[in-house]
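*Asks:* Sequence:
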Amino acid sequence: MLAASPSVAAARLCLIGAAVLWSLGSVFMRLLIEPLGLGLDDPPLSPLLIAFYRGIFGGLVMLAMVRRADIRFRPAMAGMVVAFTLMSGLYLSALGLGPAANAIFLQNTAPLWVFVLAVVFLGERADRRGWQTVLIGVAGAVVIVVGNWPRDLPAAEQRMQILLLLMGLGSGVVYALVVLFLRALRQFAPAWLVALNLLGTAVTLGLFIVVSEGPEAFIRWVSTPSGAQLAVLAVFGGFQMALPYWLFTRGLRTATPQEAAIITLIEPLLNPLWAFLITPAKDTPNGWMLAGGGLILLALVWRYLPAIASRRRDTPATTEKKAD
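For what it's worth, the numbering used here labels the leading residue of the sequence shown as 1008, then goes sequentially.
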């Protein structure tokens, strides 16, 4: 039996909750990578290792919520897992090695790819305001990227910064594919899809290390984290990854991919803020970031303000005034 789809309002609340929880990713990455005096940066953890453990812990949390009847496989799920793994690796690398704002806003070019691909391949209906909203939001991300493009740096540092920008952009493209896979597989239990993605990410990354570096290197790799780091990674996987993806997948049962991508633009507004509060020297927003964030906020207002105004006009109080 299929789980009931949420109402439109409930679906939007699910998407908002997912965006807020996702925005805490910069908090966990800074705790695990930056020298904040907590000892969580020692021994050093690579972004791929963090993605590996986040996948394991988050996947186990979600697997506990899966009923036996929900466990079903389709060929498209393999593509979904591969896309999810690529997204996680690219995004966490860009987030961990560079400024949080760059990684977040580049990943959030995804709404443009989602909108176009959903219309072309899924037959979703496109309206003018939807196109305008996506373009405004993506323009905000472009402003941030252009304003923070590496200039006047040594050649090696400039190549590294450009690579980080490409990682962020790549994570946005693959994120769009993940959204479309989740939408296409929405008839399956959200907890099962999320568990499959998270555990699949851990398995795929583990196999990558075994194949590229050998079994002994894999054992050294997975035994790197300390007990305290493992505790943070467990919370990272369960609270910041598993729960929001379950909310996001559930929201996609009712909301379109375009609307989901637009609502979750809340994340790039919050994520750099949390990073700034933890590491202001590294993540202090500049004027380009603020301008781009303002455009993204404008996109959200542009999309939903007319609907809010319409509902207010239709309230009983308004109707009575019109009758008077």
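Don't take every hint at face value.
Ranges of calculated distance between the beta carbons of each label pair, as one might list FRET restraints [to be verified]:
#1 1218 to 1308: 46 to 56 Å
#2 1046 to 1214: 37 to 47 Å
#3 1127 to 1080: 44 to 54 Å
#4 1222 to 1126: 21 to 31 Å
#5 1291 to 1055: 21 to 31 Å
#6 1235 to 1298: 19 to 29 Å
#7 1309 to 1044: 17 to 27 Å
#8 1075 to 1242: 26 to 36 Å
Calculated from the structure, these hints are not laboratory results.
Glycine is no exception: its CB is placed at the ideal position from the N, C-alpha and C atoms.
*Asks:* Could you tell me whether the CB distance from residue 1127 to residue 1080 stays inside 44 to 54 Å?
*Replies:* 27 Å, violated
*Asks:* Confirm or reject the claim that residue 1309 and residue 1044 have a C-beta distance inside 17 to 27 Å.
*Replies:* Since the Cβ atoms of residue 1309 and residue 1044 sit about 43 Å apart, the hinted range of 17 to 27 Å is violated.
*Asks:* Regarding residue 1218 and residue 1308, is the given constraint of 46 to 56 Å on their beta-carbon distance met?
*Replies:* Between residue 1218 and residue 1308, where Cβ atoms are some 48 Å apart, the hint holds.
*Asks:* Between residue 1222 and residue 1126, does the C-beta distance stay in 21 to 31 Å?
*Replies:* 46 Å, violated
*Asks:* Taking the CB of residue 1075 and the CB of residue 1242, does the distance hold inside 26 to 36 Å?
*Replies:* Cβ of residue 1075 to Cβ of residue 1242: about 28 Å, so the range 26 to 36 Å holds.
*Asks:* Honestly, do residue 1046 and residue 1214 meet the 37 to 47 Å range at C-beta?
*Replies:* 31 Å, violated
*Asks:* Indicate whether the distance between the beta carbons of residue 1291 and residue 1055 respects the range 21 to 31 Å.
*Replies:* 27 Å, holds
*Asks:* Note whether the CB distance of residue 1235 and residue 1298 lies within 19 to 29 Å or breaks it.
*Replies:* 39 Å, violated
Going down the numbered hints, you'll see the structure goes against 2, 3, 4, 6 and 7, while the others check out.
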